[in-house]
Structures are given as C-alpha cells and as structure tokens.
Amino acid sequence: MGVLSEFDSKQLLASHGVQISNDLLVASADAAAEAALQLAGPVALKLCGQALAHKSERGLVKLGLDDPASVKRAAQELLATITAEDGEVALLVSQMVTGHREFIIGVARTAQFGAVLMLGLGGVLAEATANAVFRLLPVTHQDCQDMIHDLDAEPLLTEFRGEAAVDQHSLVNALLAIASAAATDGIEEIDVNPLIICQGQPVAVDALVVTTNS
Amino acid sequence: MTENPTTAAPLELSQLDLLFNPRGIVIAGASTHPGKFGFVALHNVLAGQFGGAVFATNPERPTILGIQTLASVTEVPHGAADLIFICTPPHTCADILRAAADRGIGAAFVASGGFGEAGPQGVELQKELVELAESLGMVLAGPNGQGIISTPAKLAAQIVAPIPPAGHIAVASQSGNLVSAFLNHASHSGVGISRAISAGNAAMAQVTDYLRWFAQDQHTKAMAAYVEGVGDGRRFAAAIHQAAQNKPVVLVKGGTTTRGAQAAASHTGALATDDRVFDGMARQCGAVRCHTIEEAFDAVAAFATCPLPAGPRTVVLSSAGGWGVISADAVSKSKLELIHLPADLKAAIDKLVPPRWSRHNPIDLAGGEGRDTIVEVIGLLADHPDVDAVLYLGMGIQSNTAAHLRSSPFYGEAELDRICQYHERQDSRFAAAVTEASNRVGKPILAATELGVTQPQNPGPATLAEQGGYCFASADRAIRALNHLWWYADWRKRHLS
Numbered sequence: 001m002g003v004l005s006e007f008d009s010k011q012l013l014a015s016h017g018v019q020i021s022n023d024l025l026v027a028s029a030d031a032a033a034e035a036a037l038q039l040a041g042p043v044a045l046k047l048c049g050q051a052l053a054h055k056s057e058r059g060l061v062k063l064g065l066d067d068p069a070s071v072k073r074a075a076q077e078l079l080a081t082i083t084a085e086d087g088e089v090a091l092l093v094s095q096m097v098t099g100h101r102e103f104i105i106g107v108a109r110t111a112q113f114g115a116v117l118m119l120g121l122g123g124v125l126a127e128a129t130a131n132a133v134f135r136l137l138p139v140t141h142q143d144c145q146d147m148i149h150d151l152d153a154e155p156l157l158t159e160f161r162g163e164a165a166v167d168q169h170s171l172v173n174a175l176l177a178i179a180s181a182a183a184t185d186g187i188e189e190i191d192v193n194p195l196i197i198c199q200g201q202p203v204a205v206d207a208l209v210v211t212t213n214s
Numbered sequence: 001m002t003e004n005p006t007t008a009a010p011l012e013l014s015q016l017d018l019l020f021n022p023r024g025i026v027i028a029g030a031s032t033h034p035g036k037f038g039f040v041a042l043h044n045v046l047a048g049q050f051g052g053a054v055f056a057t058n059p060e061r062p063t064i065l066g067i068q069t070l071a072s073v074t075e076v077p078h079g080a081a082d083l084i085f086i087c088t089p090p091h092t093c094a095d096i097l098r099a100a101a102d103r104g105i106g107a108a109f110v111a112s113g114g115f116g117e118a119g120p121q122g123v124e125l126q127k128e129l130v131e132l133a134e135s136l137g138m139v140l141a142g143p144n145g146q147g148i149i150s151t152p153a154k155l156a157a158q159i160v161a162p163i164p165p166a167g168h169i170a171v172a173s174q175s176g177n178l179v180s181a182f183l184n185h186a187s188h189s190g191v192g193i194s195r196a197i198s199a200g201n202a203a204m205a206q207v208t209d210y211l212r213w214f215a216q217d218q219h220t221k222a223m224a225a226y227v228e229g230v231g232d233g234r235r236f237a238a239a240i241h242q243a244a245q246n247k248p249v250v251l252v253k254g255g256t257t258t259r260g261a262q263a264a265a266s267h268t269g270a271l272a273t274d275d276r277v278f279d280g281m282a283r284q285c286g287a288v289r290c291h292t293i294e295e296a297f298d299a300v301a302a303f304a305t306c307p308l309p310a311g312p313r314t315v316v317l318s319s320a321g322g323w324g325v326i327s328a329d330a331v332s333k334s335k336l337e338l339i340h341l342p343a344d345l346k347a348a349i350d351k352l353v354p355p356r357w358s359r360h361n362p363i364d365l366a367g368g369e370g371r372d373t374i375v376e377v378i379g380l381l382a383d384h385p386d387v388d389a390v391l392y393l394g395m396g397i398q399s400n401t402a403a404h405l406r407s408s409p410f411y412g413e414a415e416l417d418r419i420c421q422y423h424e425r426q427d428s429r430f431a432a433a434v435t436e437a438s439n440r441v442g443k444p445i446l447a448a449t450e451l452g453v454t455q456p457q458n459p460g461p462a463t464l465a466e467q468g469g470y471c472f473a474s475a476d477r478a479i480r481a482l483n484h485l486w487w488y489a490d491w492r493k494r495h496l497s
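Here the protein sequences come in this chain order: A and B.
One point on numbering: in our numbering, the residue at position 48 of the first sequence is 48, and numbering is uninterrupted.
One point on numbering: in our numbering, the residue at position 461 of the second sequence is 461, and numbering is uninterrupted.
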C-alpha cells in the first residue's frame, strides 16, 4: 500500500466533488510568502509529501499566518526539519478555513464487510471522541442522510456559536463524493480529517488517500 | 459458531420447506433411555402431536413410547417422510444420509455433535457431510443443533424443552440454548412462535437462509436471530436486507469486539470496529439490533402483536406516577416524542376526571378515575389524530390488591369478595380496552407492568395475553420496544417508499 500526499489526496477528492481548502503547492519559502499573498487572508502552512501522512504529530503544521514575513519565516522553520526519510517534500499553502465544528469522513476496508464509509465527529479528536457511524459501500443518498441522523449530534448541525447551520445537503454530497472517490480503482482507504464546517459548508482541510500500490 | 462461507450459493428457499413442513419425520437413533437425546427428540415430536407420519430407528427394534422402531432408515417407506432428525454418533451420519436420500427424504437435521466444533477431524467430517448432502440434493441443518419448531405443522423436533405456544414469531440462532430462551419467553408471555431453528454449526443452511425463508412464510409476522460470526459479510447483509424489506428482523450479535480493521493505515480504519460496522450494516439493511435477549424478545413480540406506528408522537397514560416519570426519561433517550397534550384532548379528559390530574404528558390521573375512566381515556388517546402510540401503565394494580385481600385473615368479612371481584373485572376491562383500541385504530397501544412477571395470573396481564397482546415487564422496556417499532416503520418510509 502507498499513500498520496495531502495535496494529491485533496485534488483527487476535489475531482469527485469534495469541497477542499484553497491550496497552492510551492517549493521554497519565498514562493510560500507569495502564495500567501495570492490567497489573501490568513493561511496554514504545511510540509507536504507522500511520507508525511501524520504531519500534526510532528509539528509540521503552522496555522493562522497572516503576513508574508511570518509565512516565509514559518516556511524556513518547516524546511529545516526535513530529514532524508521524508522523501520528496514541498510546501503547501492553504487558505485558513475556520469553524468550530469538525467532522471526519473516511473509507476503510474491513475483513468481514469489505469497503465501508464512515462519518464521525471530532476531526482531529475523532479517535478520542469515538462517535462515528458506518455504512457498507456503495451507499444511497438516503443512507448518507441516515448517517448524519445517526450521529445524534443535532445541536452541532443547527446554528452553533454564531455560525450558520450545517448545510446537510452539502454534507450528504461530501459523503457521496468521497464514496465515489473510493470506488476508483486502486483506492484502498480515505481519511478526510478534519472536515471543517465553514459558513455552513463542509470543507476538507486535510486528507489522506491510501492506495493499493505503493 | 459462525455462518459458514464455504457454501457456494445461497440455498434455494423451497428446499427449506421440507424442514418446516415435512410430510413425515424419521428420528434416527431413537433411544429407550429417557436421558438420551434420541429419546427426547422422539418424545417431543409425539408430545407435540405432529400431524404427519413419525418413524424412529433403533437397530434392536424396541417399541418406544408406543412406536415400533425400525432397524434402519432403509425400512422407511419411500416417500413417506421428508425430514430425518439424526441423533447418532458423527461417523454414522453419512450412511444415514445416503439411506434417507434413497427413501425420498430431502432434508436432514443433524443434532449430533462431534463435527466442526470438535477439532480438525470433526471439521473434515463436517465438510464431507456437506458435500454428501449437496451431491444427494438434500438440505442439511446443523450439525450440533438443538432442533426445529414449526407450530403450523405441530412439529417440535428438538432435544430440549419447551414446546412453545403457536404464534407469529420466527427464531433462528447460532446458539441452541438461545433458541430455548426465546421459546421460554414465548411460553411465559403467551406471544407464540411460528418457526424456530437452532442452526448449530450451520454447515450448509445458514441463519440468513432461515431468515429469508421466514420472510416469505405466511405464518411469520416478525423474526429474531442470534448470530456470532457472520461469515461472508456481504452475503449476510444482502440476506438481512431482503428479509427486512418484507418483515421486521431483530438481530442480537454476540462476540462483537472493539478491535479496529486490520492494522489500519487510516483513522477511519482504526474506528471501524466490528461493533460499529455491524451496527451500521444493520441500520442500512433495515434490521433492528438489540443487545440482550430480553430486549430482542420485547422487540419481536411488539412487532408480532402491534401495528407499526405512523409517527413518533407518544402519550403515556398512568395511574402510577413514578412509572410515568421513568417513561418520560426513557422517551427522552429515544427517537420517540412525548407530545404536548392538544387542547381538545385536555378538555375531553377534564370532563372525565377531577381537575387534579397532571394535565400534561405523561398523563397521571392522580387517583381521580371512576369505573369507566381508564377505558374512556385509552379510547380518547387512541382516536386522537395527533397521537401515534400510547403506553398504558398501572394495569393490574387493583387485582394485586384483590389477591392480597383474598389471602387476608379477614377475607369473608365486609364484602371483601365483592370488591375483589370488582377489582379483577376492572383490570380485565382495562386490558381488553388496550387490545380493542389498538385493533380499532391500527395504532400500537402498549401496556407495561411488572405484574406480568411477578403475578402472571393477575387478570390484567392474563387478559392481555388471552387477547393476543404482550405485557411489557416495565415502562422503560416498553418504550425501548416502541422505539424499535418506530425506527423500523421510519426505515420503511425512508428506504422503501
């Protein structure tokens, strides 16, 4: 099994209709600063590469950078942490997506039931929260609506701390789009984590696609 | 025990007819010793007054329970039996199958153990037995199973008790004793069984095959299954989905672990525990998942005795305050809705009882009821268009008092007998009002009291049982069952219409 980089993972998901953060992939600290200007507003800066699936655990993510100088400085710091094992690495500049509510959507292969689709609460806290519901793939539109219902998280779906209610139609579409990506040849597992609710819309902020071939 | 994935294709359902509706049955290995399975199986078939021909084999040809045994299956007249129930040692089963096939017998239930559950040799023996049955065109149930119940055929071919009352619940289980548990609950509650089968090692016929057969069985209204392993999960899910489209399927899954999928490369994989995935599969396929046998029997009995609710709007009627509060707590943890009482309903109740009644849901009549109040209020609630389901609490309280008075040293004085009779008549009327209202308006009207368990002869629960109703053991258990009814009704609306 292999993995796609965050950038490639999100591009693949976007091609199936998943809404993703505005991303620019660059090679240098100067280019990162320029990309931040181009995206406008605060950005997140991450190292991006096939061998960097678990970036946040290594502190390879810098959030909320709002001027080119701090972007450049942060980029230099990140680039300095690269080791030989990290393989080919680039800098990913993403427009910050802010929202209090984070979900996780994913696809796994189980020995007993084959490919399953998951919707869970908690984003980066998902495994600790452990509030997640599953359906066997393929899924219908109704199955996806049921998944949202089964999460039993009504207070998180309505207006929440000044943020708009979750557009459930868009959340269903995100589930269907990820299910459709999973049906592509060579895709083994998918994590979209976190999926942040921004102005009511679910946006994939980080993603990992595991492929059959390395 | 597990569903066995080795069988190439799901069984043709018509083959299972021979298990549940055989023309005649042969007990192979009938015994004169009342402690042996071969005796008990024959005894139960005879005691259950099976309507078809009964044959029994024993090489020494004794007469057992009035049946002249045959030395071997080869002596059974051709075409006289469809089912052979085998209680002989494992290495003898193959020859018996061959002889049975030769006599036109198309189905075998192998009660004998010593197969897949008994080490590598047993596994091999079981594999050979399945291959043989396939080559003979026979359907094989078991081995290592407790037996078959089929009340429409008055068939009780099993090596254990009980013979349950006839009814509309079908049961299939990978554990024999859990079949008995369902049958015991059926016997106690009076909510009866249509078919039940212990799948044993499920070497050929699987629990899912039985469920698919139950789904098209005219005597079955709802089915329950206990499973541990599911074998080929996709095939399992497809069968459950197929059955649930026709009738309610209640599943209890034993042995779910909290382990994630494989050595997961993703968070999703780590969260994909057996338990969560099974849960999602059940919900997707329309099956009601329960976590205990009591919960499962409550649910399947509710499905067998109540119409499905059209919505979640529930009213609790109680003449016993605390149970109303417990119901309200249970409703708040469910997908049901404890409605605000509509003004016209309040006004109608106001006409029947003094103003101290609760005036909100749960309705507590606060002791203000007269002779006809309970019956009238049940009718009002059932008829109201804003009410989808009713739970009535307090049935049997008066008769419990009567039972106490009847055993009192003062019984015989002060017209105690007359008041006892009044109390008992009242509870019978209340129970009858529950079933009458439910039948009249086509809504679920449930009744719950522990007296159904602690004092089953109490005229409240006893009348309910006579009328074909089910007395829930507590308010919270009734609410949980009602929640299952509503979930399934809603699943049908969402997925089938």
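It is worth saying that the hints were derived from the structure and are not from the lab.
Please read these numbers as outputs of a predicted model, since none were measured by experiment.
Glycine included, each C-beta is placed from N, C-alpha and C at the ideal position.
Honestly, I wouldn't trust all of these hints.
Computed spacing ranges between beta-carbons, pair by pair [as the list claims (entries may be wrong)]:
id : chain 1 : residue 1 : chain 2 : residue 2 : range
1  : A       : 41        : B       : 291       : 27 to 37 Å
2  : B       : 333       : A       : 127       : 22 to 32 Å
3  : B       : 333       : A       : 170       : 25 to 35 Å
4  : A       : 201       : B       : 166       : 56 to 66 Å
5  : A       : 154       : B       : 152       : 38 to 48 Å
6  : A       : 184       : B       : 291       : 49 to 59 Å
7  : B       : 291       : A       : 155       : 19 to 29 Å
Next item on the list: Enumerate the violated hints, using their earlier numbering and listing them in ascending order.
Entry: 1 and 6
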